[in-house]
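Participant: So you can see what is in the structure, the chains are spelled out below.
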Amino acid sequence: MTEHHGAPDHDMTGHHEAPPRESPPAAARRAPVETAKAEPVHYQGRVHELQKELMNAYYAELTDIAKGRSPKKNAHLLIAGNPVELVRAFDMVPVFPEVNVLQIAARKASLPLIQKAEELGYAVDNCAYVKADVGLYLSGYEAPYGTVPKADLLLCNYVGCNVYLNWFEHLAELTGAPAVNIDIPFIRSADGEPSPQDIAYVVKQLEELIGLLERTTGTTLDWKKLQRTVELSAYVGEMWAEIKALTQLRPAPYDAYFDSVTMMAVLYCLRGTEEAARFFETAVADLKERAALGKGPLPEERFRVVIEGPPPWPFLRVFRDMFTRWGAVAVASTYSTVGGIWEFGFRHDPQRPLESIARHMLAQNLCNRTFLQRYDQMARYVDEWKADAIVIHSVKSCRLFSAGQGDMREYFAREREVPTLLIESDLEDPRYFSQAQLRNRIDAFFEALTQRRITAAAAAGGVA
Amino acid sequence: MTLTTFAPLPVVEEYREIVEDRGYPTVREWKRRTGRAAVGSFPVYSPVEITHAAGMLPVGLFGAGNQIEMAHADSRFQSFICSIVKSTLELAFVDKLAPFDALLFHSICDPARNLASVMARNFPERRAIYVHLPQNMASSGAAEYYAYELRRVAAELGAVSGRVPSDEDVLESIVAFNAMRSRLRDLYALRAERPANLSTAELYTLARMATFTDPLESEPLLADSLRSATTRDARPKDRIRVVVVGSFCEQPPLELIAGIEESGCYILDDDFLLGWRLFRTDVPVDGDPYLALARAYLDGSLHASTKHDLRVPRAAGLVASARANRADAVIFLGAKFCEPGLFDYALYRRALEQEGIPHLFLEFEEKMWMYDRIRTEVETFVESMLFV
Ligand code: SF4
Ligand code: SF4
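In order, the protein sequence lines correspond to chains A and B. Per this note's numbering, the very first residue in the first sequence carries number 1; after that it's consecutive. Per this note's numbering, the very first residue in the second sequence carries number 1; after that it's consecutive.
For reference, chain A alone in the conformation it holds in the complex (with noise of 0.2 Å):
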């Protein structure tokens, strides 16, 4: 989830529009945006560093098992509500393949992975997510990263999605590895509690998982040592929590789509290690600090926004600069909380390990609640972290996120009169990004926003 800054965003050939950079559009030559006019913004800070940091120690260990250089096993798993507390109780290294293929996007090489994919008989309408890793794999799991190791075990965690389903069974197909899937109830309640019988079954999953790892790994489980990852979870929880709230103040101090992804890389791939938690604690102190300067991430903060569903990763670097022309800062985005929900106060247990585990993974996720939960959640944000407006990025290849999205605008701009822009791309495919078309409806959609709080100020001093 880092942001490469030496790969200019311009580089892609031929599957886009090209940049309107001599004539930019009616809207933005209007708009008294100052950011337009400055220096390009630098988004980078300590927390960047520190997260690069990390990820980089991640990385060379995920290469050296795949080297052989380290005898630690690995388990592939996915981001939405994981038991990777489990995972890292056995001293077992976690693979995010979503991790590992947004970073391929982020730094533009995804596209031959995809069409390898789809050599094979895979569609242009499936999710590339899962074609990159498949991609990926068949060119050796070799990364610009690094190298990724060839799962001991896939362990899926069917949270939500169902083309996790999917994925991993192409991948125990494909690379002969053993595979399980905990199968996660879908939330059905109307107040979004998972049942009695929901936990159970959920545990009783969970303990059969560690009867697998125990046989993966030749050890037995360290029952001390789970409940230590789970209080580190839960500690790491608190304090992604806190950093929520943050962006709540005006102006907040970071971004919170697109300075929240930084954060995530090391919430997911690291949650329930003391590397996690020392991050964790600069990136309040930092963040913290900043807030009481007043300091945002752009000069001005002239719109705060919720964003929903996850970044264009081939293009996150331009998507931002869309957003920083206008001054529009995200107070709060959907996708930061597809691993965990932690702002509204839920905390891994180390009590009931197995419990909290199954709680996170049934309920405390953006993924295995129903859409509607999302428009809730939505409203929330939009209530409670202020925002202006809504921005829902529909991304092709995640039904999950995208599937409905024209309803969820009609119910935010019709019933709760919060101002929606849709727009469309992907999250993986750099062929569905239009830039100049994105970059219109953005405008078009600040300056709508300019003209109607320039009328709201003229009529307010009217009556005054």
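Don't take every hint at face value.
[As the list claims (entries may be wrong)] In the SDA-like style, the derived pairs of lysine to any residue whose C-alpha atoms are separated by at most 25 Å in a straight line are:
| hint | chain 1 | residue 1 | chain 2 | residue 2 |
| --- | --- | --- | --- | --- |
| 1 | B | K336 | A | R431 |
| 2 | A | K224 | A | E119 |
| 3 | A | K116 | B | R349 |
| 4 | B | K336 | A | E119 |
| 5 | B | K336 | A | I423 |
| 6 | A | K386 | A | M322 |
| 7 | A | K116 | B | K336 |
| 8 | A | K150 | B | K336 |
[Claimed, not checked] Residues from chain B that keep clear of chain A, each with C-beta distances beyond 10 Å, as calculated:
| hint | residue |
| --- | --- |
| 9 | A116 |
| 10 | E262 |
| 11 | E355 |
[Said to hold, decoys possible] Now the in silico label distances, taken between C-beta atoms and shown as ranges:
| hint | chain 1 | residue 1 | chain 2 | residue 2 | range |
| --- | --- | --- | --- | --- | --- |
| 12 | A | D91 | B | P313 | 26 to 36 Å |
| 13 | B | E217 | A | A444 | 56 to 66 Å |
| 14 | A | E142 | B | P358 | 26 to 36 Å |
| 15 | B | A159 | A | T219 | 46 to 56 Å |
| 16 | A | K72 | B | P313 | 26 to 36 Å |
No lab work stands behind these hints: they were computed from the structure. We put the CB at the ideal spot given by N, CA and C, even for glycine.
Once you've looked at the hints, dock chain B with the ligands against the given chain A.
Facilitator: Leaving out everything else, chain B with the ligands in the frame of chain A:
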């Protein structure tokens, strides 16, 4: 459209138009006659016995086919979402789902799941019930948990009909559906054995009839048709033998199915309307009926692209079916934008190539009404098989 060259089956004649009628005339008639409620089941598999036991008519919802224009739903679901999701929502917007007092959705794929939410929000008066189907077939807790889920669904359905089914009610409904499914299995076996006796277009019409008819009423109709088809004096034509796979959820138009046959294929096996005949054998009727249904789903059901059983790869299942049916080839007939179907294609292709079984990839949309291109593709494929 000529379905056969000899005497048509009366039930097929009677239902040929009705199966595509989104006015659901027979459902309305059943409701008038019985004064009871009806529940629409979105594909693939639905625990219909429970709907039935709660005193209601379970009805398969297969989108709008090519029967209506999209006017509302395509602003809710994007262009890259399969047609059945959008057309089912469209049916609700134009009030064609009026005969249904509740809807059942199941954990088959991400668009179908979000559809359940969108439906619930826009049409709160019609209860949308979401059913979780287990995906860890190997867990020792799966059967018990899924039985619990079915009981939960029974309570929800009971709230719609005003009658939570007793265990006896469920057992009775299992008996009724066992009988109906057993006739369907017989019909499938007849077609596999003597494909000239029963065309797939006929078989499809019969099976589709069973998706909106009380099993107590459809079973005798299927039995009649089975008798008539068995006694037909049919001479086999010069066709290739194929297994069709990929249409387990969104359904191809009947004309397309007939077109594939007329282009020179005997279809020996397929996954059309798969959920309605998912169980390989009768569901046992001694003991806890919910547990029996759960076990049948986990251990006694056909392969389905929405059921991820790591114990037995689906591609191996397809190869086994092709072998058992002495098929010359496999036709993958997948719904456009159907993620689970399209994923499976990649694995099927790999397995079929390894086994040296030729295959043809075709993509359809329920809303299509021109079949020339697909027919030409099939004809070319058949020719290459017969003459090259
Ligand atoms: S569909 Fe979405 S959640 Fe599922 S694997 Fe693809 S990107 Fe991830
Ligand atoms: S056709 Fe495929 S993608 Fe569409 S609802 Fe059915 S299973 Fe899901």
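Participant: So, for every hint listed, does it hold in this structure?
Facilitator: Do the hints match the structure? See the list:
no.	hint	result
1	K336(B) with R431(A)	holds, 19 Å
2	K224(A) with E119(A)	violated, 48 Å
3	K116(A) with R349(B)	holds, 15 Å
4	K336(B) with E119(A)	holds, 18 Å
5	K336(B) with I423(A)	holds, 23 Å
6	K386(A) with M322(A)	holds, 21 Å
7	K116(A) with K336(B)	holds, 21 Å
8	K150(A) with K336(B)	violated, 33 Å
9	A116	violated, 8 Å
10	E262	holds, 27 Å
11	E355	holds, 14 Å
12	D91(A) with P313(B): 26 to 36 Å	holds, 31 Å
13	E217(B) with A444(A): 56 to 66 Å	holds, 58 Å
14	E142(A) with P358(B): 26 to 36 Å	holds, 35 Å
15	A159(B) with T219(A): 46 to 56 Å	holds, 49 Å
16	K72(A) with P313(B): 26 to 36 Å	holds, 29 Å
Hint compliance for this structure: hints 2, 8 and 9 are broken, all remaining hints hold.
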